[in-house]
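Q: Keeping their order, the protein sequence lines are chains R and P.
With the first letter of the first sequence counted as 1, position 21 gets the number 21 in my numbering; the numbers rise by one all the way through.
With the first letter of the second sequence counted as 1, position 129 gets the number 1129 in my numbering; the numbers rise by one all the way through.
No lab work stands behind these hints: they were computed from the structure.
By construction, the Cβ of each residue, glycine as well, lies at the ideal position given by its N, Cα and C atoms.
Take the hints with a grain of salt, since some may be wrong.
[What the hints assert, rightly or not] Counterexamples of contact, computed for chain P against chain R with all Cβ distances above 10 Å: (1) His-1004; (2) Arg-1022; (3) Gly-1037; (4) Thr-1082; (5) Ala-1160.
[Stated by the list, open to error] Computed cross-link-like contacts, SDA-like style, restricted to lysine to any residue with a CA-CA straight-line distance of at most 25 Å: (6) Lys-51/R to Asp-1043/P; (7) Lys-51/R to Val-1013/P; (8) Lys-51/R to Gly-64/R.
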Amino acid sequence: MSQWVTGADMYPAAFTYHAPESVGEAVELLSQLGPGAKLLAGGASLIPLMKLRLVELTDVVDLGRIKGLDAIEPGDGHVRIGAMVRQADLLRSPVARSLALLGDACSVIADPSVRNVGTIGGNLSHGDPANDHPAIMLALDARLHARGPAGERTIAAADFNVDLLQVALEPDEVLVGIEVPTPTAGQGTAYVKFERQVGDFALAAAAAVITLDGGRVSRARVTFTNLAPTPVRSPAIEAALLGCEPDAASIAEATHALVEIDPWSDLRATADVKRAMARAAAERAIRLAVERARGGVES
Amino acid sequence: MSEHSISVRVNGVARAATVESRLLLVHFLREVLGLTGTHVGCDTTSCGACTVNLDGRAVKSCTMFAVQTDGHEVRTIEGLETDDVLHPLQEGFREQHGLQCGYCTPGMIMAALPLLEANADPDEATVRTAISGNLCRCTGYAQIVNSIRWAAAAMRGEVAATDADADPVWQPLAGPLGY
Chain R
1 MSQWVTGADM YPAAFTYHAP ESVGEAVELL SQLGPGAKLL AGGASLIPLM KLRLVELTDV
61 VDLGRIKGLD AIEPGDGHVR IGAMVRQADL LRSPVARSLA LLGDACSVIA DPSVRNVGTI
121 GGNLSHGDPA NDHPAIMLAL DARLHARGPA GERTIAAADF NVDLLQVALE PDEVLVGIEV
181 PTPTAGQGTA YVKFERQVGD FALAAAAAVI TLDGGRVSRA RVTFTNLAPT PVRSPAIEAA
241 LLGCEPDAAS IAEATHALVE IDPWSDLRAT ADVKRAMARA AAERAIRLAV ERARGGVES
Chain P
1001 MSEHSISVRV NGVARAATVE SRLLLVHFLR EVLGLTGTHV GCDTTSCGAC TVNLDGRAVK
1061 SCTMFAVQTD GHEVRTIEGL ETDDVLHPLQ EGFREQHGLQ CGYCTPGMIM AALPLLEANA
1121 DPDEATVRTA ISGNLCRCTG YAQIVNSIRW AAAAMRGEVA ATDADADPVW QPLAGPLGY
């Protein structure tokens, strides 16, 4: 019955597979196994790299058997999203409507089949600035929960992304949950992504979290995907928006402050193209966020 | 290296095997189980020719290890026909000429299946979104969308498969060269 598959059909390099049943077990495995071991969440980022042998691991620790990491739980002023929540489930959940930029982002991450396996935790932990959730969490000032040998700790989104493919998790830590603040009154959010085709990474994308008070912008967060080794904020655009009554002209004006960011070039676009697209994405995201804030869409 | 004994329910039948941990699900299905209806079309998780259903959800079997499916349920294109009767999706791709070379077709059908099981009457945009992770180089997608919507209508009992021999759409046209 079983025919052995050898040679060319084995894309990834050989590794030892572990399927722990608890986070504690996963942490212990990471501590023991050393630098050749990596966590497997949905596999949407890791397995393609392994198939191309861009990464060769000695050990893979699969989080898929651990119960309780895929819950979305409302709390006091926040919603806690389990790290293993699949993108498709996040897209369908109430938090993706109350924080509309989450729904915007999930609907443009990869494609429906990949969204059935890819997880928010994997998307964040991979440290790829071309992934969409890092800029979202930065814009939301999310708090990330990690568990290691010494217990659980909280990492602010602003501190989480260290460098290209490098996040603030220790090698023996597991990201277990992400806490996002529930919307405040007058808040609107949006995420706008420019991609060449469905399933592609962003040429550039912008997240906007805008709060209106008495018709004027009282708080603004504007962040970007795929302009740099980590997601970036634009304090200049945010400052330009503060206090203004946002209309098409004032929003367009504010986004020209993007000049403070010098994007990198990558396979998809040169710095000049990214600069233009990032500005346009920011303009659209801010306008949509303002519309949602006015319409009371998010609550 | 490690090997694992896995037991996966494939098309309703428990299948057991000992596999290397790095064996991709698509290769398990094709090479170990001999279910070659699921295809490999790219290296980059882009094309969707490998799409199967895992616990009722469309997944790309090229980007999953067989060991991850231990204890789970997998459905492939081979599992759609029951007692020699084609599934409405399979009928639909025949009725509406949803394929030319056929390489993307099993993946298209397995991507559409969970949609039709959840949504009795998806509009064109919804169908196109459901197959947006599946690439076709032949058809231009319009006939694929028609095939899926025909299948939805068949599942609602609104249309029935025509006799293949009497199918009026595909009778040869009489032209100057006689074909």
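Q: Now tell me, hint by hint, if it's right for this structure.
A: Against the structure, the hints:
1. His-1004: violated, 6 Å
2. Arg-1022: violated, 4 Å
3. Gly-1037: holds, 17 Å
4. Thr-1082: Holds, since 23 Å exceeds 10 Å.
5. Ala-1160: holds, 29 Å
6. Lys-51/R to Asp-1043/P: holds, 8 Å
7. Lys-51/R to Val-1013/P: Distance of about 29 Å is beyond 25 Å: violated.
8. Lys-51/R to Gly-64/R: This hinted pair holds, its Cα atoms lying about 19 Å apart.
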